[in-house]
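Number of protein chains: 2
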Amino acid sequence: MSDFVLDPRLDRDTTLLTKLGLCQLRLMEDSRWPWVLLVPQRDGITEIFDMTPLDQTMLTFETAITAQALKQATDCLKVNTGALGNQVRQFHLHIIARTEGDPAWPGPVWGHGQATPWDANARAKFTERLLEAL
Amino acid sequence: MSDFVLDPRLDRDTTLLTKLGLCQLRLMEDSRWPWVLLVPQRDGITEIFDMTPLDQTMLTFETAITAQALKQATDCLKVNTGALGNQVRQFHLHIIARTEGDPAWPGPVWGHGQATPWDANARAKFTERLLEAL
Chain A
28 MSDFVLDPRL
38 DRDTTLLTKL
48 GLCQLRLMED
58 SRWPWVLLVP
68 QRDGITEIFD
78 MTPLDQTMLT
88 FETAITAQAL
98 KQATDCLKVN
108 TGALGNQVRQ
118 FHLHIIARTE
128 GDPAWPGPVW
138 GHGQATPWDA
148 NARAKFTERL
158 LEAL
Chain B
28 MSDFVLDPRL
38 DRDTTLLTKL
48 GLCQLRLMED
58 SRWPWVLLVP
68 QRDGITEIFD
78 MTPLDQTMLT
88 FETAITAQAL
98 KQATDCLKVN
108 TGALGNQVRQ
118 FHLHIIARTE
128 GDPAWPGPVW
138 GHGQATPWDA
148 NARAKFTERL
158 LEAL
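Respectively, the protein sequence lines represent chains A and B.
Residue 28 is where the first sequence starts when you use this note's numbering, and the numbers rise one by one after that.
Residue 28 is where the second sequence starts when you use this note's numbering, and the numbers rise one by one after that.
Treat the hints as calculated values from the structure; they're not laboratory data.
A few of these clues could be false.
The list treats identical chains as interchangeable, and a pair is accepted whether it falls inside one copy or across any two copies.
Pairs of lysine to any residue residues, derived as SDA-like cross-links and limited to a Cα-Cα distance of at most 25 Å, are as follows [said to hold, decoys possible]:
id, residue 1, residue 2
1, Lys152, Asp30
2, Lys46, Glu127
3, Lys46, Pro133
4, Lys46, Leu81
5, Lys46, Ala131
6, Lys46, Asp70
7, Lys152, Met85
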């Protein structure tokens, strides 16, 4: 992991919440949705098949526990997950809590309007709930 | 797997290409992108954490080999993967070949315009290439 350097755009748009076994768990700086990222701390990964089978399995495990914690912390209707990477090539997986009537419902959140900054209190409260649920 | 019944909308919008160990590999009936779905043949799965750890691992493995085959068959720039399920609750994972300048680039494909039917020859050619690469 010593070679891992976070992409500057991911660094700008997200904040580290905690480190799991493989991934950094990062909060998207957009309060319109409870939205986190998993970023495997490995250098040079763009596609899921660039990872070793063990890392793929770790990523899946960390995806499942994060998705479950997000559902528990938000009581959302549906969790969305996605790894696009059209704009930022460093592999990152989005995990987003969706609710009927949210700003992009039922469409995808990516590319929808402009990010809304978090209110500091709401941010702290959400983060605490999510980390407790993990 | 005997209880597995494919959601009617997935059945309408996609066509079975082959069955992998866990999932049906299905072609999206939209020629704008080389776009396939993995649908685990398990009843009652909505979220990734509804699956057993073994099924999660199988899904990851099948995702990686399908994504790699799609990249090889299309020579695309980036593979996108996503499990949304806002409209169809039965768990299904999208795997899409993306290229700079494609109809939705660099945004997501979901919810973008109307599907374009495949030309029969192009469809057969793509399917053959993909299955060979698998």
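Tested hints:
no., hint, verdict
1, Lys152 / Asp30, "neither (33 Å within a copy, 41 Å between copies)"
2, Lys46 / Glu127, "neither (31 Å within a copy, 33 Å between copies)"
3, Lys46 / Pro133, "neither (31 Å within a copy, 29 Å between copies)"
4, Lys46 / Leu81, "both (18 Å within a copy, 24 Å between copies)"
5, Lys46 / Ala131, "neither (29 Å within a copy, 33 Å between copies)"
6, Lys46 / Asp70, "within (16 Å within a copy, 33 Å between copies)"
7, Lys152 / Met85, "neither (28 Å within a copy, 36 Å between copies)"
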